[in-house]
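K.L.:
Spelled out, the chains give:
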Amino acid sequence: MIIKVRFFSMLKGKVGKEEASLSIPENTSAYQLKNILKNEFPAIAEFIDKNIMISVNQEFAHKNTVIKDGDEVALLPPFSGG
Amino acid sequence: MDLIRIQKQGFDINKEIELVKAASKSIGGVVVFLGTARDISRGKEIIKLDFEHYPGMAEKKLKEIRDTALKNFNIIEMGIVHRTGAIAIGENIVLIAAAAQHRNDAFMACEWAITELKRVTPIWKKETTKKGEVWVEEHP
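In the order they appear, the protein sequences are chains V and U. Going by my numbering, the first sequence opens with residue 3, and the numbers climb by one from there. Going by my numbering, the second sequence opens with residue -8, and the numbers climb by one from there.
Isolated chain U (complex conformation) (with noise of 0.2 Å):
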């Protein structure tokens, strides 16, 4: 499996953990960043998402997010994976998780990572409410 992947199934949490520990035994903390779908967005409630994403530019940019991380944090590891086609509220988004010796480092590529994502990515969201659907616009 890679380490990198958009696709439309769910993932397994404990097995995408697994596929980063399985880099090296010097891994000492891993952390994990789980984006899931919430019932409220700027005080509508939500029914479902759907996520779009460019094939081909998106998986690109979640590598360049990667190599990135690697080179600019002292981690050993990083995966992510994020999903697209319609999402029930509840169901899990994107994960990312990265690996390192010690957790300082491990928090930091994360929280580097998931911002990273959201600035570069071409991946965008659709909400459906009680009054239709709209296609986001931001990325807090």
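Next up, chain V with everything else stripped away, as it sits in the complex (with noise of 0.2 Å):
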């Protein structure tokens, strides 16, 4: 199945682009995902493991949460609004 995955502050610019399409099995895990993602993207691999948060379809994922067909995954570094 296909997923977006959108990349935010730092990330985007050591990931090159602000999205990608990724190809990953079924029921894979947001912690699952994350393992993927280091492989995928080798660059942002020591920030997915520090302190990044992920989101499906701009809701706070778990790492049990279950990954659809279609889904938006964003990796989210700490915020620094307000």
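Simulated from the structure, these hints should not be mistaken for lab results. Treat the hints with care, since some could be wrong.
As the list claims (entries may be wrong) - Taking lysine-lysine and the DSSO-like style, the derived pairs with C-alpha atoms no more than 27 Å apart in a straight line are: (1) V/Lys52 with U/Lys117; (2) V/Lys65 with U/Lys109; (3) V/Lys19 with U/Lys12; (4) U/Lys109 with V/Lys6; (5) V/Lys52 with U/Lys12; (6) V/Lys16 with U/Lys12; (7) U/Lys39 with V/Lys19; (8) V/Lys65 with U/Lys54; (9) V/Lys40 with V/Lys70; (10) U/Lys122 with U/Lys39; (11) V/Lys16 with U/Lys54; (12) V/Lys16 with U/Lys16; (13) U/Lys(-1) with V/Lys14; (14) V/Lys14 with V/Lys40; (15) U/Lys(-1) with V/Lys65; (16) U/Lys51 with U/Lys121; (17) V/Lys52 with U/Lys35; (18) U/Lys109 with V/Lys14; (19) U/Lys122 with V/Lys6; (20) U/Lys51 with V/Lys52; (21) U/Lys12 with U/Lys51.
Make the complex out of the two chains shown on their own, each in a separate frame, by following the hints.
P.N.:
If you want it as structure tokens, here you go:
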């Protein structure tokens, strides 16, 4: 199945694009997705390990959140608004 | 004009206050938090700021903050506006206005809302110094 991955803040610069389409297995959890993303985008692997949150369809995901076909996943570095 | 907005352009503080005051004649106090762009950050001189947000999710989180504030505090209305894009030193970044019958409820709701905004809203700040640009990874 295909998902959309979005990058923000410093991740966008390190990956070199704002979003990417990614083919992942059915029933992938957010936790498993982090490992897939580390392999797919080695430039940001250390950030994914450290302090990146994941959202699925614009809601915060838990490690057991199951990703579905067509989902929009975003990698969210620590926020600094306000 | 919406009470909850993320926008590139600046905002008029008086208009934002009037917007929440329009909710009810029972309002007896409005507490406003105004975040502005300062020229120093962690000891470094800042030339300008840039804010990026996650369109859709950021607005949704701000709406949730307003909904939760209206539920958990004895306030009548709350407005939140946050700017995005390039912001010069001294310009306004964010405004939260909490309106209540009595001041104490408005103070508490406003303080909670700005802390929550920093915690849950997907907005990121980039600081430009003489040495270059850096994305800020903290929300003090």
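K.L.:
None of the hints should be skipped; say for each whether it holds.
P.N.:
Verification of the hints:
For the proposed pair V/Lys52 and U/Lys117, the alpha carbon gap of about 20 Å is at most 27 Å, so the pair holds. A threshold of 27 Å between alpha carbons decides the hint, and for V/Lys65 with U/Lys109 the separation of about 22 Å falls inside it, so the pair holds. At roughly 43 Å between alpha-carbon atoms, V/Lys19 and U/Lys12 are farther apart than 27 Å, so this suggested pair is violated. The straight-line distance between the Cα atoms of U/Lys109 and V/Lys6 is roughly 26 Å, inside the 27 Å bound, and the hint therefore holds.
Our distance criterion of 27 Å between C-alpha atoms is broken by V/Lys52 and U/Lys12, whose separation comes to about 44 Å. The hinted pair formed by V/Lys16 and U/Lys12 fails the criterion: a straight-line CA distance of about 45 Å is larger than 27 Å. Proximity of U/Lys39 to V/Lys19 is assessed by CA-CA distance (about 24 Å); at most 27 Å being required, the pair is judged to hold. For a cut-off of 27 Å, the pair hint linking V/Lys65 to U/Lys54 stands: about 25 Å separates their Cα positions.
Distance restraint check for V/Lys40 and V/Lys70: the Cα-Cα separation of roughly 19 Å lies within the 27 Å cut-off, and the hinted pair is therefore satisfied. Of the supplied pair hints, the one linking U/Lys122 and U/Lys39 holds, its CA atoms being roughly 12 Å apart against a limit of 27 Å. Our distance criterion of 27 Å between C-alpha atoms is broken by V/Lys16 and U/Lys54, whose separation comes to about 31 Å. A threshold of 27 Å between alpha carbons decides the hint, and for V/Lys16 with U/Lys16 the separation of about 52 Å lies outside it, so the pair is violated.
Proximity of U/Lys(-1) to V/Lys14 is assessed by CA-CA distance (about 20 Å); at most 27 Å being required, the pair is judged to hold. For the given pair, V/Lys14 sits about 14 Å from V/Lys40 by alpha-carbon distance, which is consistent with the 27 Å threshold. Between U/Lys(-1) and V/Lys65 the CA atoms are separated by roughly 34 Å; this puts the pair beyond 27 Å, and the hint is violated. Straight-line distance between C-alpha atoms of U/Lys51 and U/Lys121 comes to about 35 Å, which puts the hinted pair past the 27 Å bound.
Between V/Lys52 and U/Lys35, the direct Cα distance comes to roughly 25 Å. Compliance with the 27 Å bound is thereby established for this hinted pair. For the suggested pair U/Lys109 and V/Lys14, the alpha carbons sit about 21 Å apart, so the restraint of at most 27 Å is met. A hinted pair counts as satisfied when its Cα atoms are at most 27 Å apart, and U/Lys122 with V/Lys6 does not qualify at roughly 34 Å. Proximity of U/Lys51 to V/Lys52 is assessed by CA-CA distance (about 26 Å); at most 27 Å being required, the pair is judged to hold.
Taking the CA atoms of U/Lys12 and U/Lys51, the gap is about 23 Å. The hint holds against a cut of 27 Å.
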